[in-house]
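One-letter residues, chain by chain:
2 protein chains.
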Amino acid sequence: MERTLISETISSVGKSVRLCGWVNSRRDMGKVIFVDLRDRTGIVQVVMVPAEIPAEQHELMKEIRSEFVLEIQGEVVARNAKSINPNIKTGTVEILAKSIAILNRAKTPPFELDKDTSGINEEVRLKYRYLDLRTERMQKNIRLRDAIITRFRDFLHARQFCEIETPYLTKGTPEGAREFIVPSRLHPGNFYVLPQSPQQFKQLLMVGGMEKYFQIARCFRDEDQRGDRQPEFTQLDMEMSFVEQEDVLQLVEEMMIDMVKATAPEKRIQQIPFPRLTYKEAMEKYNSDKPDLREDKNDPNLLAFCWVIDFPFFEQDGNGGWTFTHNPFSAPQPEYMEQLREKRDVGSILAAQYDIVLNGYEVGGGSIRNHRPEDLKTVFEIMGASEEEIQTQYGHMLEAFEYGAPPHGGIAPGVDRIVMILANEPNIREVIPIPKTGDARDLMMDAPSPLPAKALAEANIRLKA
Amino acid sequence: MERTLISETISSVGKSVRLCGWVNSRRDMGKVIFVDLRDRTGIVQVVMVPAEIPAEQHELMKEIRSEFVLEIQGEVVARNAKSINPNIKTGTVEILAKSIAILNRAKTPPFELDKDTSGINEEVRLKYRYLDLRTERMQKNIRLRDAIITRFRDFLHARQFCEIETPYLTKGTPEGAREFIVPSRLHPGNFYVLPQSPQQFKQLLMVGGMEKYFQIARCFRDEDQRGDRQPEFTQLDMEMSFVEQEDVLQLVEEMMIDMVKATAPEKRIQQIPFPRLTYKEAMEKYNSDKPDLREDKNDPNLLAFCWVIDFPFFEQDGNGGWTFTHNPFSAPQPEYMEQLREKRDVGSILAAQYDIVLNGYEVGGGSIRNHRPEDLKTVFEIMGASEEEIQTQYGHMLEAFEYGAPPHGGIAPGVDRIVMILANEPNIREVIPIPKTGDARDLMMDAPSPLPAKALAEANIRLKA
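For the protein sequence lines, the chains are E and W, in the order given.
Take the first sequence: its letter number 245 is residue 245 in our numbering, and every next letter is one higher.
Take the second sequence: its letter number 342 is residue 807 in our numbering, and every next letter is one higher.
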């Protein structure tokens with residue numbers, strides 16, 4: 001017999017069904033055992049009356065405990081009015097069991113799975129992530145995550161973007177966060193680096209004529225974990241050719257509105273079009289470059305998006321020189337291009353950079369890039385790099401740009417934070433299927449862990465003395 | 466003015482348009498310059514007549530060379546019958562340029578981009594991957610890859626599968642391929658491992674009640690590269706709860722047929738339903754467990770899928786013991802379960818394992834898993850593992866299974882090989898956006914490469930003496 005999903009039982013009164021799932025709870029009333037059976041679609045009450053069940057299964061019936069995996073054949077029966085359970089979606093029906101099979105047994109879980117686990121010790125929840133994932137809240141979060149990502153993908157594909165996978169074993173970037181390193185076995189003394197973002201790749205794909213790229217990309221940063229950081233996280237990485245800042249802002253704004261409407265219709269976006277603040281305004285008015293513009297901070301369904309634009313390109317590096325504020329590959333705003341070329345009053349140059357902010361979180365940043373190699377080189381010169389440093393660190397990008405780089409720009413919304421906010425969760429660990437602890441450990445898999453000496457020797461490394 | 470895509474020019478006769486793209490080729494006829502302009506949608510001929518173009522742009526006109534990035538404003542003109550070019554899709558029109566801007570200049574590429582580059586030295590092509598990607602064949606391959614992956618995703622989402630991201634920084638598995646290792650900075654002497662597949666995670670997600678999982682997953686194997694291998698590759702990783710072998714085979718077969726029809730309608734599938742061969746039949750009849758069943762091996766549009774099933778579970782390990790043939794987490798075929806439990810005549814036990822084969826390539830393998838911890842333990846015992854070894858290597862999986870693991874099974878089709886075959890390419894490097902060489906180097910990024918001593922020290926490692 002085909003399996004019936006629990007959500008389908010409501011519309012199957014009078015029918016014989018086969019259900020599979022977990023025991024959410026059981027009550028032994030002596031003559032009758034009630035089991036709340038759970039699958040991914042919900043919960044339904046199963047009534048086990050010995051007279052209805054083959055004699056050889058009566059012993060099994062008594063064995064059943066929470067989280068046992070059962071296969072139940074039975075009949076869907078309408079409940080009479082006074083026994084309707086308004087707390088579950090299938091509360092108008094119950095299943096009269098005719099046959100029971102225990103597909104697997106279960107030890108008593110270390111915490112209760114039929115309740116919200118937010119309050120349970122997080123280390124325990126992370127060690128038993130495979131149990132926490134069974135709870136209603138976590139199921140909802142993980143499925144919401146997929147829905148949000150899918151909506152982004154559909155939106156971009158409908159606009160002729162191409163999703164392109166870029167390497168995870170690559171080369172380090174001289175600026176930015178600390179990176180994870182991977183020793184090479186075939187090339188002793190050499191290392192790959194896990195990318196902190198596909199920034200260089202996406203720009204090279206623009207040089208490669210792909211024109212409209214995106215990728216749900218894993219990013220890696222070996223930073224000291226603060227609050228809601230993770231050593232690996234996910235961003236919706238995007239890049240477009242032949243666009244200006246306004247094109248990117250319009251597209252991303254439309255994409256966010258579409259995503260919210262489709263995946264979280266209970267949410268209200270406070271202001272459309274999204275308000276735009278210059279960096280200067282944001283700092284003066286809110287003392288923050290990611291202001292929380294919500295009019296009612298207690299409304300869990302209020303979403304206040306805004307754009308922050310017109311960031312200064314350079315800031316003083318503390319040694320009398322200049323460094324970039326966001327990304328050395330950014331272009332200046334078009335009206336500052338001459339000023340950049342002349343290296344004149346660089347502190348006042350504004351970059352074609354933009355952040356998208358949601359409820360006080362930066363949920364994405366990007367820029368129009370400096371696609372002419374001679375202009376990009378000027379940026380490095382302003383930052384005091386020598387010709388040799390420029391060639392060593394950025395030579396491959398400058399060379400690529402010499403072969404006809406198109407004007408291009410992009411952005412990289414952070415998937416984890418967006419899902420976190422839409423799910424009303426306080427941190428990104430609640431919306432990452434298998435997250436790590438604050439100090440970058442995976443308690444379920446027990447990673448990182450020591451390796452046999454042979455593995456290190458093969459990778460041409462040894463431990464620091 | 467909005468940008469017009471080159472493919473749209475055919476239906477824009479008489480209109481003013483703004484085109485952006487690269488110079489595919491140019492011919493200077495003295496009084497007139499003809500430029501074939503290329504964007505992601507195709508090529509169109511631009512006619513530059515000085516009388517039609519502002520005087521201050523006449524110098525620019527002469528500068529133009531191959532791969533320059535241009536913005537052209539002009540008028541779409543129908544060609545007269547005898548000048549129609551049947552070799553390009555826009556051959557019925559040309560663009561009479563009214564204004565020209567050079568968006569970027571380009572050096573002469575190291576190989577010609579308006580021709581198929583299959584015959585060019587591959588190291589040169591990989592170093593300048595961003596140029597090779599501009600060619601028609603590579604554009605087609607990369608876009609076909611996205612189309613195939615998208616079709617798989619849509620198919621699975623329509624059947625209520627949930628895409629779930631699993632970690633890339635994880636723990637090693639005791640069996641299988643050699644793995645890349647990542648030293649931990651925060652936990653000296655400890656290492657992460659890059660996963661050779663999400664096998665353990667997907668099973669744990671089944672324990673977690675996700676029921677129907679998939680993921681376009683990057684996999685990492687530090688093996689000596691042979692022909693068609695890459696250190697990182699992509700698989701469509703899938704797992705389902707409450708299914709039997711037949712369910713998986715049916716679903717995957719339907720998915721493959723759907724994908725071929727949607728993304729490569731010119732292809733013909735030789736036989737539907739896909740023929741099924743037992744391992745024994747395949748070896749006896751074809752001396753191969755991935756037989757090429759095509760009736761006409763010269764037909765580039767013929768696809769011969771088949772299933773190979775009924776693999777032996779164990780094989781002799783050469784030391785008088787037994788080892789698994791595919792995957793220790795597999796279940797035996799149901800009729801062999803008692804034989805497994807009794808550890809009787811283990812050489813004759815057949816596994817619930819299956820490979821899908823296409824044109825002589827294994828393009829996916831999977832199995833129904835052994836979801837009862839006591840049965841799984843029996844497998845390890847047959848392979849001669851001590852209680853301590855079992856706990857060290859598989860303890861976390863056995864423990865998870867003790868909390869109510871559902872019956873489950875899955876498969877993992879290899880995306881790179883499938884795209885390679887559908888694109889009629891001879892190796893997977895032609896369908897991976899940024900592949901590595903046979904000895905695992907990225908010639909475009911120059912990875913792997915040496916790192917400063919500081920980076921090694923921070924990761925708590927040093928080079929082997």
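Heads up, a few of these hints could be off.
[What the hints assert, rightly or not] Derived lysine-lysine pairs resembling DSS-like cross-links, with alpha carbons at most 30 Å apart:
1. W/Lys636 with E/Lys107
2. W/Lys919 with E/Lys377
3. W/Lys842 with E/Lys127
4. W/Lys842 with E/Lys62
5. E/Lys62 with E/Lys15
6. E/Lys89 with E/Lys62
7. E/Lys464 with W/Lys636
8. W/Lys496 with W/Lys580
9. W/Lys808 with E/Lys107
10. W/Lys755 with W/Lys745
11. E/Lys140 with E/Lys267
12. W/Lys572 with E/Lys343
13. W/Lys842 with W/Lys929
14. W/Lys572 with E/Lys377
15. E/Lys464 with W/Lys929
16. E/Lys82 with E/Lys127
17. W/Lys605 with E/Lys171
18. E/Lys377 with E/Lys297
[As the list claims (entries may be wrong)] Calculated Cβ distances over 10 Å to all of chain W for the following chain E residues:
19. Ser12
20. Gln73
21. His396
Calculated from the structure, these hints are not laboratory results.
Quick reminder that beta carbons are idealized off the backbone N, C-alpha and C, glycines included.
Do the hints match the structure? See the list:
1. W/Lys636 with E/Lys107: holds (25 Å)
2. W/Lys919 with E/Lys377: Measuring from Cα to Cα gives roughly 27 Å; hence the hint holds.
3. W/Lys842 with E/Lys127: holds (22 Å)
4. W/Lys842 with E/Lys62: Within the cut-off at roughly 26 Å; holds.
5. E/Lys62 with E/Lys15: holds (26 Å)
6. E/Lys89 with E/Lys62: Distance ~27 Å between E/Lys89 and E/Lys62 Cα, so the pair holds.
7. E/Lys464 with W/Lys636: With a Cα-Cα distance of about 21 Å, the restraint between E/Lys464 and W/Lys636 holds, given a limit of 30 Å.
8. W/Lys496 with W/Lys580: It holds: about 27 Å lies between the C-alpha atoms, which stays within 30 Å.
9. W/Lys808 with E/Lys107: holds (26 Å)
10. W/Lys755 with W/Lys745: holds (12 Å)
11. E/Lys140 with E/Lys267: holds (16 Å)
12. W/Lys572 with E/Lys343: holds (26 Å)
13. W/Lys842 with W/Lys929: violated (38 Å)
14. W/Lys572 with E/Lys377: holds (17 Å)
15. E/Lys464 with W/Lys929: holds (10 Å)
16. E/Lys82 with E/Lys127: It is violated: about 42 Å lies between the C-alpha atoms, which goes past 30 Å.
17. W/Lys605 with E/Lys171: OK: W/Lys605 and E/Lys171 at ~27 Å, within 30 Å.
18. E/Lys377 with E/Lys297: violated (45 Å)
19. Ser12: Non-interface label on E/Ser12 holds, nearest chain W Cβ at 18 Å vs cutoff 10 Å.
20. Gln73: Check passes; 14 Å lies beyond 10 Å.
21. His396: The assertion about E/His396 is violated, with a minimum of 7 Å to chain W.
Of the numbered hints stated above, those contradicted by the structure are hints 13, 16, 18 and 21, listed in ascending order.
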